[in-house]
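K.L.:
Residues per chain, in single letters:
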Amino acid sequence: MSVDTRGSLLRIATAGSVDDGKSTLVGRLLHDTKNILVDQLEAIERVSQARGLDSADLALLTDGLRAEREQGITIDVAYRYFATPARNFILADCPGHVQYTRNTVTGASTADALIILVDVEHGIVEQTRRHLAVAALLGVPHLIVALNKIDLVPDAEQRFAQLNSDLHELADQFGVLALQTIPISALRGDNVAEKSPNTPWYEGPSLLEWLETLPDSAELTQSERFAFPVQTVLRPQSAAVDPELVDYRGYAGQIAAGTVRVGGTVTVQPAGRQTTVEGIDLAGQPLEVAVAGQSVTLRLSDQIDITRGDLISGVDTGAEPSQSVEAVVCWLDEKPLHEGQRVLLKHTTRVVRGIVGSIDGRLNLDSLSAESVDSFGLNDIGRITVRVAEPIFGTGYTQSHALGSFLLIDPQTGRTQAAGMIQDDSVETPGVLGSLKAEHGDWRI
Amino acid sequence: MTTTATSTVTSASNSSALTQLQRLEAESMHIFRETASEGERPVLLFSGGKDSVVMLHLAAKAFWPCPIPFPVLHVDTGHNFPEVLDFRNRTAERLKVRLEVASVQDYIDDGRLSERPDGTRNPLQTVPLLDAITDGRHDVVYGGARRDEEKARAKERIISLRDEFGQWNPRDQRPELWSLYNTRHRPGEHVRVFPLSNWTELDIWRYIAAENIELPPLYYAHERDVILRDGMLLAVGEYVTPRDGEDIERRTVRYRTVGDMSCTGAVESPAANAEDVLAEVATSTLTERGATRADDRMSEAAMEDRKREGYF
Ligand SMILES: Nc1nc2c(ncn2[C@@H]2O[C@H](COP(=O)(O)OP(=O)(O)O)[C@@H](O)[C@H]2O)c(=O)[nH]1
Ligand SMILES: [Mg+2]
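Chains H and W are the protein sequences, given in the same order.
Each residue of the first sequence is one higher than the one before, starting from 1 at the first, in this note's numbering.
Each residue of the second sequence is one higher than the one before, starting from 1001 at the first, in this note's numbering.
FYI, nobody ran anything at the bench for these hints, they're computed from the structure.
Quick reminder that beta carbons are idealized off the backbone N, C-alpha and C, glycines included.
Don't take each hint at face value.
What the hints assert, rightly or not - Rough simulated footprint, nothing fancy, chain H against chain W, three-plus residues with beta-carbon under 8 Å:
{"no.": "1", "region": "1017-1023"}
{"no.": "2", "region": "1177-1186"}
Stated by the list, open to error - Now the stretches of chain H that chain W is said to cover, found in silico as 3 or more residues with beta-carbon under 8 Å:
{"no.": "3", "region": "101-110"}
{"no.": "4", "region": "153-159"}
{"no.": "5", "region": "227-236"}
{"no.": "6", "region": "251-260"}
{"no.": "7", "region": "332-346"}
{"no.": "8", "region": "360-368"}
As the list claims (entries may be wrong) - Sample of chain W residues lacking proximity to chain H, with all beta carbon distances greater than 12 Å (derived):
{"no.": "9", "residue": "D1051"}
{"no.": "10", "residue": "L1099"}
{"no.": "11", "residue": "D1109"}
{"no.": "12", "residue": "P1123"}
{"no.": "13", "residue": "D1131"}
{"no.": "14", "residue": "G1136"}
{"no.": "15", "residue": "K1155"}
{"no.": "16", "residue": "E1156"}
{"no.": "17", "residue": "F1165"}
{"no.": "18", "residue": "Q1167"}
{"no.": "19", "residue": "A1221"}
{"no.": "20", "residue": "A1235"}
{"no.": "21", "residue": "T1241"}
{"no.": "22", "residue": "A1271"}
With these hints in hand, go ahead and build the complete structure from the sequences.
P.N.:
In structure tokens form, the structure reads like this:
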């Protein structure tokens, strides 16, 4: 294992139907990048042998729960860490069954790149469409479809050409902008770490080469407008770790987007006041500038009443107070969603009470159109309106993932019920919803 | 645990791209601030091991210049290395955090727990831990587990719900979306929070070196009387005595993890400081648990079983 101390970090997630080879691919990536240690390899060799396999089943590297090993399937997201000389990776191996779609949503919400596997023997299936929809909806910056098991088909070249064009057509319908298709064999390692001599007809990069060169999304976020949800107010008074700091008053948080400088002008919501940044501290270390992703503490020039859940932002962030949230949600709970239902809505660092005002349509994955329903079940994707007790300061999800995303939480059980993405209909929405609207009319049917 | 301008991790270059360590540090600080704000009575599990030391260092950074706003809890097996206990006490004092100790020995002495035939006490920690959580009415419990340590841990969320019995249900974990953490739970339940989830062993050592974080001395090379048992070097002392055919040898060793003296193995190593260790870890061919923890070798599902029962 070699890690460049200045190396960047790319988060990737896998998706695809059950048995398409996700776990095998992850194992193969770890193996071919020499990120498997001797005792781990020995352990899976022992198990594979005991089961009568003639070579090590690399899927065992990620299928970590007893039930998974017994049933030979992946139940929950497994996180893996590996590195190449070029870059560090965090990989979320997500299960394929429809009932575990919420895990794909989980993996995709933090991914810089999503790899959807397709078994070339089966071609495009419902899960392929569902996962493309999830990728489009969550705005995953880079999408890769790995066409797996090319070792099993004699006409791999033709199949690849056909699937490649079908997939691009589908991606267009979902409004996915950048799609890379790669023919692979996870089992043999073709085009996984290195280009394979078995596919002379394929001219693109290997999967790893592609992953090593993708720009990571943290840098994209830095060019957005400054947004800083306040997590907590730090006022040590007499308890200060340094006696000189008894009068310290700082607002702690992680910069969600953009850049902040000492001397810069900021707006504070909901106070609606403007002030100047007097200082930026990282645990006692003063900074002149801080960027998206950094956890810092801001000191401001004016005494303003600020608490957890407030938003400090650039003057023109465009986050408007709203008590009616229009959003697309992925419903993740077994308990269905109905109109009139009470929810807790967690947006940035603010938790507010809400009521589902209306269910405005559900995405039908076969017809790729909106249909009228009066409830959502597990894994449904659709549009709703939520009325909230106190205003939240959000933007459309396509403008800012940080200010446009929220959770719905069951006030009784505390379960996370939905992933929500705020829709701002005044701007053109690329991705699944924009294209659906253009083709099939308005969501509010 | 310096929180002054000596930090090299955070003295960023002019480039706006954050390094891996900067991103990990920022994520952990965010998790601490989020969960400590939402929780009512958080507590941090502190063993004196390197992961819990790094975790405490990150907590201090997250709330600077306020003191860490929660106590630390140590589940003492009674078989701990004295150097580690000494380090634990000094660290708590320096950071002015309250130290709570749950003692496995007390439970054995009054009969609530009984010694296992193999003498290993790690599995006995679960009951005192859960009692301490219940008695302290702790609703947010910080643990230093990393997902790269072990396969069952690779499936654990950053925020992990535990029922009244402290049990983890891996088949019913909450989806964890973006960096929006949900710490809600019903009375009697609590959440375990793992701020180091995304750190690897290598990241930990690089951070220790970069931030100049003090560790218990046994992490670095020292001479010690050891015996070789089941392929592991065990320190000879009160809890480990040579059996027939085992010879005491004096070797230069260090520990990769600190736990129960009876089952934590040392590795031969000349690594005398964090940089040396870093170089060694980077080229190691064994996982840290595989190399040194007898209890994890017991069975393929050993860790999962203990986690379900509420072990950290
Ligand atoms: N022939 C062939 N079989 C594969 C390939 N990739 C995976 N498999 C097999 O497909 C089955 C399912 O693989 P697994 O990785 O568990 O799929 P998952 O459910 O998507 O994680 C296993 O029997 C694998 O050995 C491949 O490239 N070629
Ligand atoms: Mg799998």
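K.L.:
Hint by hint, note whether the structure agrees.
P.N.:
Evaluated hints:
1. By the rule of at least three residues with a Cβ nearer than 8 Å to a Cβ of chain H, the coverage given for the region 1017-1023 of chain W holds, with 7 such residues.
2. Given a C-beta distance limit of less than 8 Å, the hint that chain H covers the region 1177-1186 of chain W holds, as 8 residues qualify and 3 suffice.
3. Given as covered by chain W, the region 101-110 of chain H passes the check, having 6 residues with a CB less than 8 Å from a CB of that chain where 3 are the minimum.
4. With 0 residues carrying a beta carbon less than 8 Å from a beta carbon of chain W, the region 153-159 of chain H misses the three-residue requirement, and the given coverage is violated.
5. By the rule of at least three residues with a Cβ nearer than 8 Å to a Cβ of chain W, the coverage given for the region 227-236 of chain H holds, with 5 such residues.
6. Only when three residues or more bring their CB closer than 8 Å to a CB of chain W does the claim for the region 251-260 of chain H stand; here the count is 4, and the claim holds.
7. Counting residues of the region 332-346 of chain H whose C-beta lies closer than 8 Å to any C-beta of chain W gives 3; at least three are required, and the coverage claim holds.
8. For a cut-off of 8 Å, the count of residues in the region 360-368 of chain H with a CB near a CB of chain W stands at 0, and the three-residue condition is violated.
9. The claim that D1051(W) is not at the interface with chain H holds, since no C-beta of that chain comes within 12 Å of its own (minimum 15 Å).
10. With a least CB separation of 17 Å from chain H, L1099(W) remains clear of the 12 Å interface cut-off, as annotated.
11. The Cβ of D1109(W) lies farther than 12 Å from every Cβ of chain H, with a closest approach of about 35 Å, so its non-interface assignment holds.
12. At roughly 17 Å from the closest C-beta of chain H, the C-beta of P1123(W) stays outside 12 Å, upholding its exclusion from the interface.
13. A cut-off of 12 Å between C-beta atoms confirms that D1131(W) is not in contact with chain H; the least separation is 23 Å.
14. At the 12 Å boundary, the C-beta of G1136(W) stays outside the reach of chain H, the nearest C-beta of that chain being 20 Å off.
15. Residue placement check: K1155(W) does not keep its beta carbon more than 12 Å from all beta carbons of chain H (closest about 5 Å).
16. The claim that E1156(W) is not at the interface with chain H is violated, since a C-beta of that chain comes within 12 Å of its own (minimum 9 Å).
17. No beta-carbon of chain H comes within 12 Å of the beta-carbon of F1165(W); the shortest separation is about 17 Å.
18. The Cβ of Q1167(W) lies farther than 12 Å from every Cβ of chain H, with a closest approach of about 14 Å, so its non-interface assignment holds.
19. Against chain H, the non-interface label of A1221(W) holds: every CB pair exceeds 12 Å, the least being about 22 Å.
20. Chain H leaves A1235(W) outside its interface by the beta-carbon criterion, the shortest separation being 22 Å against a cut-off of 12 Å.
21. No Cβ of chain H comes within 12 Å of the Cβ of T1241(W); the nearest lies about 28 Å off, and the non-interface call holds.
22. With a closest Cβ-Cβ approach of about 17 Å to chain H, A1271(W) is found to remain outside the 12 Å limit, as its non-interface label requires.
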